[in-house]
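Number of protein chains: 2
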Amino acid sequence: MKYINKIQSPADVKRLALEEMNELAVEMRTLLIEKLSRHGGHCGPNLGMVEATIAMHYVFDSPEDKIVFDVSHQSYAHKMLTGRAGAFLSEERYDDVSGYTEPSESEHDNFVIGHTSTSVSLAGGLAKGRDLVGGKHNVIAVIGDGSLSGGEALEGLDWAAELGTNFIIVVNDNQMSIAENHGGLYGNLEELRHSGGTCANNLFRAMGLDYIYVDKGNDIPSLIEAFVKVKDIDHPIVVHINTLKGKGYAPAEADKERWHWSGPFDIATGELKHVSAAENYDELTATHLLKLMKNDPAVCAITAGTPGIWAWTPERRNEAGPQFVDVGIAEEHAVALASGIAKAGGKPVFGVCSSFVQRAYDQVSQDLCINDSPATILVLWGSLSTMTDVTHLCHFDIPLLSNIPNLVYLAPTNREEYLAMLDWSIGYREHPVAIRVPVGLTVPARRPVPTDYSCLNRYEVVSRGKDVAVLALGNFFTLGEKVCAVLREKGIDATLVNPRYITGVDTALMESLKSDHRVVVTLEDGAVEGGFGEKIARHFGSSDMKVLCYGARKEFVDRYVLADFLVANRLREDLVAEDVMKTIGQM
Amino acid sequence: MKYINKIQSPADVKRLALEEMNELAVEMRTLLIEKLSRHGGHCGPNLGMVEATIAMHYVFDSPEDKIVFDVSHQSYAHKMLTGRAGAFLSEERYDDVSGYTEPSESEHDNFVIGHTSTSVSLAGGLAKGRDLVGGKHNVIAVIGDGSLSGGEALEGLDWAAELGTNFIIVVNDNQMSIAENHGGLYGNLEELRHSGGTCANNLFRAMGLDYIYVDKGNDIPSLIEAFVKVKDIDHPIVVHINTLKGKGYAPAEADKERWHWSGPFDIATGELKHVSAAENYDELTATHLLKLMKNDPAVCAITAGTPGIWAWTPERRNEAGPQFVDVGIAEEHAVALASGIAKAGGKPVFGVCSSFVQRAYDQVSQDLCINDSPATILVLWGSLSTMTDVTHLCHFDIPLLSNIPNLVYLAPTNREEYLAMLDWSIGYREHPVAIRVPVGLTVPARRPVPTDYSCLNRYEVVSRGKDVAVLALGNFFTLGEKVCAVLREKGIDATLVNPRYITGVDTALMESLKSDHRVVVTLEDGAVEGGFGEKIARHFGSSDMKVLCYGARKEFVDRYVLADFLVANRLREDLVAEDVMKTIGQM
Chain A
12 MKYINKIQSP
22 ADVKRLALEE
32 MNELAVEMRT
42 LLIEKLSRHG
52 GHCGPNLGMV
62 EATIAMHYVF
72 DSPEDKIVFD
82 VSHQSYAHKM
92 LTGRAGAFLS
102 EERYDDVSGY
112 TEPSESEHDN
122 FVIGHTSTSV
132 SLAGGLAKGR
142 DLVGGKHNVI
152 AVIGDGSLSG
162 GEALEGLDWA
172 AELGTNFIIV
182 VNDNQMSIAE
192 NHGGLYGNLE
202 ELRHSGGTCA
212 NNLFRAMGLD
222 YIYVDKGNDI
232 PSLIEAFVKV
242 KDIDHPIVVH
252 INTLKGKGYA
262 PAEADKERWH
272 WSGPFDIATG
282 ELKHVSAAEN
292 YDELTATHLL
302 KLMKNDPAVC
312 AITAGTPGIW
322 AWTPERRNEA
332 GPQFVDVGIA
342 EEHAVALASG
352 IAKAGGKPVF
362 GVCSSFVQRA
372 YDQVSQDLCI
382 NDSPATILVL
392 WGSLSTMTDV
402 THLCHFDIPL
412 LSNIPNLVYL
422 APTNREEYLA
432 MLDWSIGYRE
442 HPVAIRVPVG
452 LTVPARRPVP
462 TDYSCLNRYE
472 VVSRGKDVAV
482 LALGNFFTLG
492 EKVCAVLREK
502 GIDATLVNPR
512 YITGVDTALM
522 ESLKSDHRVV
532 VTLEDGAVEG
542 GFGEKIARHF
552 GSSDMKVLCY
562 GARKEFVDRY
572 VLADFLVANR
582 LREDLVAEDV
592 MKTIGQM
Chain B
12 MKYINKIQSP
22 ADVKRLALEE
32 MNELAVEMRT
42 LLIEKLSRHG
52 GHCGPNLGMV
62 EATIAMHYVF
72 DSPEDKIVFD
82 VSHQSYAHKM
92 LTGRAGAFLS
102 EERYDDVSGY
112 TEPSESEHDN
122 FVIGHTSTSV
132 SLAGGLAKGR
142 DLVGGKHNVI
152 AVIGDGSLSG
162 GEALEGLDWA
172 AELGTNFIIV
182 VNDNQMSIAE
192 NHGGLYGNLE
202 ELRHSGGTCA
212 NNLFRAMGLD
222 YIYVDKGNDI
232 PSLIEAFVKV
242 KDIDHPIVVH
252 INTLKGKGYA
262 PAEADKERWH
272 WSGPFDIATG
282 ELKHVSAAEN
292 YDELTATHLL
302 KLMKNDPAVC
312 AITAGTPGIW
322 AWTPERRNEA
332 GPQFVDVGIA
342 EEHAVALASG
352 IAKAGGKPVF
362 GVCSSFVQRA
372 YDQVSQDLCI
382 NDSPATILVL
392 WGSLSTMTDV
402 THLCHFDIPL
412 LSNIPNLVYL
422 APTNREEYLA
432 MLDWSIGYRE
442 HPVAIRVPVG
452 LTVPARRPVP
462 TDYSCLNRYE
472 VVSRGKDVAV
482 LALGNFFTLG
492 EKVCAVLREK
502 GIDATLVNPR
512 YITGVDTALM
522 ESLKSDHRVV
532 VTLEDGAVEG
542 GFGEKIARHF
552 GSSDMKVLCY
562 GARKEFVDRY
572 VLADFLVANR
582 LREDLVAEDV
592 MKTIGQM
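Going down the list, the sequences are from chains A and B. Per the working numbering, the very first residue in the first sequence carries number 12; after that it's consecutive. Per the working numbering, the very first residue in the second sequence carries number 12; after that it's consecutive.
Chain A extracted, bound-state conformation (with noise of 0.2 Å):
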């Protein structure tokens, strides 16, 4: 490692010649890979970004010069070339630096960007905020890896245009989202490769844009000469680069898809390290909605760009057909899209991560809510425990989507129970319906699963005891489980239920509960505030019933341990039940 070890700041880029920075770039590839080998991450989008960076830096002056990336995910190089290649360089600093741009680490990153589609706003904003209190610098723009397709970058290259002053859109395009590119826009990139950015109809220009292309978006050369030629201009411009997702490590261009983001792996054969054989809820979501579609094929599954994470493997994509639709990442239009081919009489399954579905909030409201269009959302990985980047929390769709008129939402406890709500799901057609998958690695029912829930916000009573009932929702439901177990040891016998719906209360239970319970304990796997719990309490309000509410109190964290966490947050079986204990005290 001759030269990123002398890397301190951009200004050691820039006295670097060109054959160092292409000496520069082998080395940044190499701790890139042995990261990621060892510690999991976006593979190729950063290994795709190595050159352009180094041109970036080179050329424009950060921190005084903005730069914003979007995706941030492909900022690793970035990180390497701002004072941070200790965290690339040995294994115990890898936790150093987040996988996305994060001020607090640089004066480098303006903003923590985990979401897409964002870049082109926000330096919007700071080339705006720029001329209105008086600057001269560059503001750049780095957007791609799939996210041009979003409802806010498309609003933001609109809108660029009437700014009037300096501001530079670097589009990555390396031909790929996280699986294949899906949307018109994508075929007039291709036309632009193509003609080497010269056929007359542009997006980029049709939006008002000044625009010029760099056909060899991994030479370092031609990407200094383009960002030479647009620093310091007085306009804003787009500059379309071609890439190589995953370049410089063989698997990752030949498999982009795998390769997007990977976990460990063995570097020379490209498999990863930790494999489990046991099923999860993704894996089941897919082959149970493949029978059905088999079966039915007005079932059709729909994804914003994100078919992996419920396990919509290509040869599962493959088998489905037309059943299966992927509408790039642009999570408004999935749901709306959703909602009209309710309408027409099809079944519609949208899949989409906890975190991503805050994107479509109106159109739940306003185009499916409304419209009570019978389609099935399918909320994954909606827990604390799964991933802890603060952008990518999924803390929040309990209160983002249960508070909506209309929505069913339902929150499965283990593997009979979730099957059997997304089949009376896509068999229903009174209302929209979501469902909280659960996470993880499934769970087989240790109970009988009824199959209709049509008579709704009727909870589902585990076991009936007096004094004490939680209420256990969803993923929380073996917590639920758990605590029983502590009260019981404690001498009480605790009423357990799975409430199985978040969108309501079931009020003739709660009533009936007055008889003999002093205590309710509501207990949800996601942000307390505006969501289950908080309703059972106002329900209970002018009772004499006392209600803890658990859940993650309203905050934004960021890469947590999760057992601390959750210790902080009082979500213990041990500590519920000393609260509780506590609380029945105080009678």
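Just so you know, these hints were derived from the structure itself, not from any lab. Remember, predicted model here, so these are calculated numbers, not experimental data. Incorrect hints may have been included.
Since the list gives no way to pick one copy over another, a pair counts as held whenever it fits inside one copy or between any two copies.
Unchecked claim - Result set (SDA-like, lysine to any residue): computed pairs, CA atoms no more than 25 Å apart in a straight line:
| id | residue 1 | residue 2 |
| --- | --- | --- |
| 1 | Lys593 | Ser554 |
| 2 | Lys147 | Pro333 |
| 3 | Lys240 | Ser20 |
| 4 | Lys305 | Leu174 |
| 5 | Lys593 | Ser553 |
| 6 | Lys593 | Ala519 |
| 7 | Lys242 | Pro333 |
| 8 | Lys501 | Ser553 |
| 9 | Lys493 | Ser553 |
| 10 | Lys147 | Asn306 |
| 11 | Lys25 | Gly94 |
| 12 | Lys305 | Thr453 |
| 13 | Lys147 | Gly356 |
| 14 | Lys305 | Gly145 |
| 15 | Lys25 | Ser233 |
| 16 | Lys302 | Gly451 |
| 17 | Lys25 | Glu102 |
| 18 | Lys305 | Pro333 |
| 19 | Lys477 | Ser553 |
| 20 | Lys501 | Gln19 |
| 21 | Lys258 | Glu34 |
| 22 | Lys147 | Tyr69 |
| 23 | Lys147 | Ala309 |
| 24 | Lys302 | Leu174 |
| 25 | Lys305 | Glu173 |
| 26 | Lys240 | Arg49 |
Starting from the known structure of chain A, arrange chain B on it as the hints suggest.
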């Protein structure tokens, strides 16, 4: 009225000769202007769409063929031709129909649509559903009047190319949004108009779509010719029609922004029938911000295509110059832009209607709040008493925003408190701040108002009593005063609290109430589920305090009578007091 009386359904349109259709258009326009002058409603958009609607129903076979309007406030002519002319013929029947498409009125309406930019995605779903379950009908999306710039519309257009089967997208290009258009794509539309649709650069073709242009978009034969050409087409195509907003009513043609929507007016002069000289909060906001802008170039107001709803007249926008930014209908971009401006040292104030802030939940959470950018969002019209169309309800902003970490959401109760909070927010650099702007006419303060709100979640105790505490949030502060007055008559000296902060509980104050209060009442002018009151109910869950939460119950209501609606939700001082007395009586 020779023709309109005979039109029971589109079949009757098909029987007309060309000359008769022209006369029908004249009759329809006369009826539109008459109804609008007495009843109010969307003027310009509907006057411009008369011919296109006649031609569509002449060529296509609704309801077999599916027409989806967006923004559906341009569907009045469609209603007249689909069995609902009665609602335009006689004043008593004006309210038989809503101002938007409404499936419960007619099988010719496919969706309830009020928010913009949705038709391509919803109709795309109808087309995809048709292909899944089998069918050969045409699916037509009508989009325009500014709604093309919304992210959902752009996502939908991008996706449409992939459908590969019949799908007709009619772009109503009337050269306007509510105000003038903003965004680079409108430059391309202009180029297309000027070149008769032949210029090489074409946004729609760049998105992979086929395209034809109709220059005379208010000429029935031209429109029929185009629609005949695309009927039963085997792939997606855009029909770009050039129409005149406000056509046929001289004042509306002359001042398109003023006549986008109007209250009742005098046909001869165009003057409004009801004008109030009293100061309202929208006017106050615009004049106050304009004053601040003059002293501070960093202050900047942002709108997403709706300057008029907060009194940003063309004159005021002109005065603000580059300190006023209209991004077009693009709420997601507006929020991210504000975050960027704030990070660059600017002082952005994004004014947005409660119903439309819904479109930007993810941007508020990710781009703004995770980054803790000190921008201000003014939530306008947030109340049960403003818009009563189901698609425009302003009930949900509290559950939507108040559960997002880092955001400070304030609820002022009078004129001076609002201005103090606004001034404070613009200077505050710690967190993003949203303010729920009071609705209606301004109310002067009757108590001193602090200037600093940085000590978060400190409620104001307006009068200290005992037994009962009324937490009266924002617009419902006056209701709280009335509740206290009724309780006083019943011998109860209640504590009246102005919570000010929607996003947090004043735990010290709440704990202090435990000593001599038995009941806490929360009053919020919005949906109760997921809102402010439930946080209070949860806080007191483990205590003996009784909590009664008031707000609107979870439902989508449409065109309700406010007084009835309030009573149904027990939102009247006597009803609240009655509940309080009952609760006390049970203790």
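Review point. Under a CA distance limit of 25 Å, which applies to lysine 147 and asparagine 306: within one copy, between copies, both, or neither?
Key: Classified as between: cross-chain Cα gap 22 Å, same-chain 63 Å, threshold 25 Å.
Exercise for review: Could you figure out if lysine 147 and tyrosine 69 sit no more than 25 Å apart (CA to CA) within one copy, between two copies, both or neither?
Suggested key: Within one copy, since 18 Å is at most 25 Å while 57 Å is not.
**Study point:** Status of proline 333 relative to lysine 242 across identical chains (alpha carbons, at most 25 Å)
**Key:** Cα proximity of lysine 242 and proline 333: across copies only (24 Å, versus 45 Å in one copy).
Check your understanding: Is it within, between, both, or neither for lysine 302 and leucine 174, if the alpha carbons may be no more than 25 Å apart?
Key -> Answer is between: at 24 Å across copies they meet the 25 Å cutoff, but 51 Å inside does not.
Review point. Given a CA cutoff of 25 Å, do lysine 305 and glutamate 173 count as a within-copy pair, a between-copy pair, both, or neither?
Key: between (50 Å within a copy, 23 Å between copies)
Check your understanding: Taking 25 Å as the upper bound on the Cα-Cα distance, should lysine 593 and alanine 519 be classified as within, between, both, or neither?
Key -> Between copies only: 21 Å across chains, 27 Å inside a chain, cut-off 25 Å.
Practice item. Using 25 Å as the alpha carbon limit, work out where lysine 305 and leucine 174 are close: within a copy, between copies, both or neither. Key: between (51 Å within a copy, 21 Å between copies)
Practice item. Could you place lysine 240 and serine 20 in one of the four classes (within, between, both, neither) given a Cα distance threshold of 25 Å? Key: Answer is within; shortest intra-copy Cα gap is 23 Å, inter-copy 61 Å.
Exercise for review: Classify it for me, lysine 305 with proline 333: is the Cα-Cα distance of at most 25 Å met within a copy, between copies, both or neither?
Suggested key: within (12 Å within a copy, 58 Å between copies)
Exercise for review: Classify it for me, lysine 147 with alanine 309: is the Cα-Cα distance of at most 25 Å met within a copy, between copies, both or neither?
Suggested key: Classified as between: cross-chain Cα gap 16 Å, same-chain 56 Å, threshold 25 Å.
Exercise for review: Can you give me the call for lysine 25 and glutamate 102, within, between, both or neither, at a CA distance of at most 25 Å?
Suggested key: neither (28 Å within a copy, 75 Å between copies)
**Study point:** lysine 501 and glutamine 19: within-copy, between-copy, both or neither at 25 Å Cα
**Key:** Neither. Shortest intra-copy (59 Å) and inter-copy (74 Å) distances fail the 25 Å Cα cut-off.
Checked against the numbered hints given earlier, this structure breaks hints 17, 20, 26; the rest are met.
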